[in-house]
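S.K.: Given chain A, work out where chain B should sit, using these hints.
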Amino acid sequence: MQKRVVEAYIGEYASGKSENAVNRALELAREGEKVVLADLDLVEPFYTLRPIKKLLEEKNIEVIAWETQQVMGLGEAGSVLKPEMRWVLKKEGNIILDIGYGVEGAKVLNLLEGFQDNPHLKIYVVVNIARPATATVRDIVDYVQKLGNVDGLINNTHVGDDTDVKTIQEGARVVTAAAKELNLPVIHTTAEKRLQGELGVSDICGNPVRYIDRYMPQTFW
Amino acid sequence: MTKPIEGEKKVFMTGNEVVAWAALAAGAEIMYGYPITPQNEIMHYWTRMAPKYGRKFLQTEDEISAGFTCTGGVLAGKRAFTATAGPGNTLMQEPMSMAEMMRIPTVLIVCQRGGPSTATVIYSQQETTMTCYGGNGEGFRIVYSTATHQELFDYTIKAFNTAWKYRFPTFVLGDGYQSKMRESLSIYDPEARNIEMVRAEPYVVKGGVPGENRDPAHLRNTYNMEEELYEVIMDHAREYEKIAPEIIEYEEYECDDADVLLVAHGVVSRAAKGAVKELRQDGKKVGHFKPVTLRPFPEKELLERAKAAKQVIVIESAYGQLDKLVKSHLYGCSTPIAQYFRPGEGITIEEVVQETKKYL
Chain A
5 MQKRVVEAYI GEYASGKSEN AVNRALELAR EGEKVVLADL DLVEPFYTLR PIKKLLEEKN
65 IEVIAWETQQ VMGLGEAGSV LKPEMRWVLK KEGNIILDIG YGVEGAKVLN LLEGFQDNPH
125 LKIYVVVNIA RPATATVRDI VDYVQKLGNV DGLINNTHVG DDTDVKTIQE GARVVTAAAK
185 ELNLPVIHTT AEKRLQGELG VSDICGNPVR YIDRYMPQTF W
Chain B
9 MTKPIEGEKK VFMTGNEVVA WAALAAGAEI MYGYPITPQN EIMHYWTRMA PKYGRKFLQT
69 EDEISAGFTC TGGVLAGKRA FTATAGPGNT LMQEPMSMAE MMRIPTVLIV CQRGGPSTAT
129 VIYSQQETTM TCYGGNGEGF RIVYSTATHQ ELFDYTIKAF NTAWKYRFPT FVLGDGYQSK
189 MRESLSIYDP EARNIEMVRA EPYVVKGGVP GENRDPAHLR NTYNMEEELY EVIMDHAREY
249 EKIAPEIIEY EEYECDDADV LLVAHGVVSR AAKGAVKELR QDGKKVGHFK PVTLRPFPEK
309 ELLERAKAAK QVIVIESAYG QLDKLVKSHL YGCSTPIAQY FRPGEGITIE EVVQETKKYL
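The listed protein sequences derive, respectively, from chains A and B.
Counting along the first sequence from 1, when you hit position 10 you're at 14 in the working numbering, and nothing is skipped either side.
Counting along the second sequence from 1, when you hit position 276 you're at 284 in the working numbering, and nothing is skipped either side.
With the rest of the complex left out, here is chain A (with noise of 0.2 Å):
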């Protein structure tokens, strides 16, 4: 049997959270896995697994989020903790978690029942080096030591639909060299399967590349 797969995406603000939690929860769950999926963004009403969550389901993931009609004041007065959220790493099977934005937002793993003793997670930072709060090095490094334990970086730079090569390289050289700095590991670098015939296995820096689908612009209500 495979190790079991805990994972925690956390990150600056619109960094690609979502896009790569959701991604990864359904490769394992190509695999035949068992994947349990939280959205734990408790702050912003846009671009959560919300409009989604139908889809998620067929594709056999267990998706633990609030649906739009069961919740108040969306945005306004902030969302509340599902109780199954509180309790997610006490599920059975793979564990992928969506964490609410910045710092802030990370915050909300400490609301989490086991978090401080659950021996496989790992939380990860997504990294978009076009986004102007974390686009050098020195702006990466600040930025990740105000987020407490996290175990490596994933480069996911891009430019939405103007993406091209050039510029998940660049992230590339960026997040791969902030890594360093941390001592942190770069876990892969992010790329849309359009870009999959140019890029290849791995980016300039010699990380692994992992290709994405993008559900998220269909989430953004």
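By construction, these hints were calculated from the structure, which means they are not laboratory data.
It is possible that part of the hints are untrue.
Under the rule of at most 27 Å between Cα atoms (straight-line distance), these lysine-lysine pairs were calculated in the DSS-like manner [what the hints assert, rightly or not]:
# : chain 1 : residue 1 : chain 2 : residue 2
1 : B       : Lys308    : A       : Lys170
2 : B       : Lys60     : A       : Lys111
3 : A       : Lys184    : B       : Lys173
Derived, one-sided and incomplete: chain B residues facing chain A with beta-carbon distance under 7 Å [what the hints assert, rightly or not]:
#  : residue
4  : Phe20
5  : Thr22
6  : Thr45
7  : Val129
8  : Lys188
9  : Ser192
10 : Ile241
11 : Arg278
Quick reminder that beta carbons are idealized off the backbone N, C-alpha and C, glycines included.
M.R.: Just chain B, lined up with the frame of chain A:
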């Protein structure tokens, strides 16, 4: 101190961050603000970046105060701005009316959300009338309505210059969708594009001797006599009308031979443009007119296009706020005007195509 943006670069951002970066790039010195969704990240990003670039921020107790402190900052000679949404915009109408009366170049970014009152925090175009004409006054203000993140960046920078050049309060009218949406754009240092920022200068505590080497800084918004008020308002009106042609901006898409003219502003114009693109592929003579400035309104330009068309359709995420503007500026034009109103709801290309087909 390092510049927030060197030269030009391609980035991927949410609209709220775009505004914060544009204000930094424009050399805004201070933001006054009070939190409200969907505006919050303008404040979040401004407060994150401000210390790094020597800028300031004041969080006030409410939006009335944010608006008034913003006018105060401007009076002190600071390139200042504020941002709000929905009921916050309602509260800011009082200070913005004062800015209108006293010709104070405040800059206010509006992230429209659904109303009336608190309603929903997401999106609408229901603050169009209020942003153009809110407060007790005549609407002597400049309102830029943006549709893309690039426009949001460009017009936020421009708003500071327009405000300080013409000394009327200036608004950038966005909405919750633009606030939260993510897309790529080029951000730049205005200097890299030869955009010169109009210098901010104090209204109060000026140097020199009033009456000798400068005019007195006589700041009032209170008048005892009707005649006095009349004179001031008429001065403002004449000045506003004189500068309007320099300020007016609009965009036309496939309007030259258009039988059906789609009029939409802000984010909805993206759907209108998309619909025109699609319908043109089927050989339909459809065009799109987008007023960028809602105040002053591109009246002459729209009138010309409307007269040449057989049908005008006004499309908006409100119940007739743009429609009212359009009709008042198309007075005397006999082309029929139809409406597609979705108050508080987003409008898609498919919907616009379907609606337009009814008139083809």
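S.K.: Against each hint, give a clear statement of whether it holds in the structure.
M.R.: Going through the hints against the structure:
{"no.": "1", "hint": "B:Lys308 <-> A:Lys170", "verdict": "violated, 46 Å"}
{"no.": "2", "hint": "B:Lys60 <-> A:Lys111", "verdict": "holds, 24 Å"}
{"no.": "3", "hint": "A:Lys184 <-> B:Lys173", "verdict": "violated, 49 Å"}
{"no.": "4", "hint": "Phe20", "verdict": "holds, 4 Å"}
{"no.": "5", "hint": "Thr22", "verdict": "holds, 5 Å"}
{"no.": "6", "hint": "Thr45", "verdict": "holds, 5 Å"}
{"no.": "7", "hint": "Val129", "verdict": "holds, 4 Å"}
{"no.": "8", "hint": "Lys188", "verdict": "holds, 4 Å"}
{"no.": "9", "hint": "Ser192", "verdict": "holds, 4 Å"}
{"no.": "10", "hint": "Ile241", "verdict": "violated, 38 Å"}
{"no.": "11", "hint": "Arg278", "verdict": "violated, 13 Å"}
Checked against the numbered hints given earlier, this structure breaks hints 1, 3, 10, 11; the rest are met.
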